[in-house]
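**Student:** First to last, the protein sequences are chains U and Y. Residue numbers are given in this note's numbering: position 166 of the first sequence equals residue 166, and the series is strictly consecutive. Residue numbers are given in this note's numbering: position 37 of the second sequence equals residue 37, and the series is strictly consecutive.
Take these hints with a grain of salt, some might be off.
Said to hold, decoys possible - With a cut-off of at most 27 Å between alpha-carbon atoms, the simulated BS3-like pairs for lysine-lysine come out as follows: (1) Y:K53 with U:K53; (2) U:K235 with Y:K2; (3) Y:K80 with U:K237.
Derived by calculation from the structure, the hints in this document are not laboratory data. Small disclaimer: the values here were computed from a predicted structure and weren't measured.
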Amino acid sequence: MLRRNSYSWTGLGLLVAGIVFLSASFFIFHASWLAALGICLIIMSFILLALRKAIPNIPPEVCSLLLETGVDNMAALIEELGIRTKAIYIPSSLSNKYPRAFIPLHSNGSTPQITRALPQRLIARYGSDPEDIGLLISTIGSAATGMLETKPGATSNELESALTSLFTGRLGIADGTRVTYQNNHIEIEINKPRLETDTDLSHQCLGGPLATIAASVAAESWDKPMQIAQEEQRKGKYYIELEVLG
Amino acid sequence: MKIYNRYFITIAIVLLSTTVILIAAGQTSLDIFYSLYVIEALIVTELFVYFNKKSRRVLNIVGVMLFGGFGIVLCLQVLKALLIF
């Protein structure tokens with residue numbers, strides 16, 4: 001069945017126009033340029049009709065509603081608990097199944113050392129001390145990591161390729177990325193980001209959506225916990241600095 | 001969806017520019033038009049490396065179809081050349 005999206009209708013329009021041009025050139029005008037134009041339109045229609053299957057069925061507005069609801073609930077939870085600590089993005093090897101964000105509930109100034117896989121619970125214990133507990137939550141980065149075809153390796157080139165593929169190819173929220181790594185710090189530069197970021201408490205704790213995705217992918221690449229050290233937007237670019245922990 | 005729009009606009013600009021240039025150059029052979037269209041479409045598709053697996057699969061099918069047409073054009077040209085001799 002034909003999916004009713006703009007690609008289908010444009011593709012069908014071009015196909016009909018191409019056939020009309022081709023027929024008119026052969027049977028009425030005997031003009032090769034008209035036939036060439038007809039062939040050109042038919043090729044473009046094939047490409048559009050093929051692409052209609054690849055674009056998502058769900059309208060962007062529905063995705064935005066789902067995202068906003070999830071983010072609002074998470075922000076309410078973090079604000080109610082009065083959490084001031086920064087989230088630690090942990091790889092799938094330490095959180096079971098897929099990378100997640102861990103928010104320590106108590107902080108004595110030092111970053112918690114997570115050395116073993118955490119249980120699949122909202123409130124998870126990472127140490128022997130009674131205060132060594134925190135929230136283990138899924139973020140948009142957790143889901144975005146699942147979109148990658150292969151797990152990137154622990155190099156800046158592979159991370160750059162994975163993030164560009166994700167931001168530009170799959171999600172369409174930026175025009176490209178550049179990644180550099182030195183002294184346990186990963187610096188990510190995102191060109192022309194198209195995702196708005198809030199500055200509420202949950203943002204301070206988890207980071208913006210772009211930083212969340214970048215941190216989750218980086219944690220999975222390095223197979224080590226990560227923390228967002230810094231993030232800022234200036235001159236049409238988004239800069240993220242991640243710290244590799246452990 | 002932005003990458004798909006960009007891809008299609010690139011393909012449309014390249015193919016339509018080729019049509020205009022070849023017509024202006026006085027080219028009348030449809031074989032040449034078609035061959036150039038196919039080569040250009042395949043090159044532009046390869047340049048968009050960040051498509052997802054599903055998009056790449058459907059575009060590969062289109063590429064195979066277009067290449068099949070290119071093969072037929074080539075066979076007809078060879079047959080024509082053989083008949084002349």
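**Student:** Given the proposed pairing of K53 of chain Y with K53 of chain U, does the C-alpha separation stay at or below 27 Å?
**Tutor:** holds (12 Å)
**Student:** For K235 of chain U and K2 of chain Y, compute the direct alpha-carbon distance and say whether it is at most 27 Å.
**Tutor:** The hint holds at about 21 Å.
**Student:** Holds or violated: K80 of chain Y with K237 of chain U, Cα cutoff 27 Å?
**Tutor:** violated (58 Å)
In the structure shown, a violation is registered for the earlier hint numbered 3 alone.
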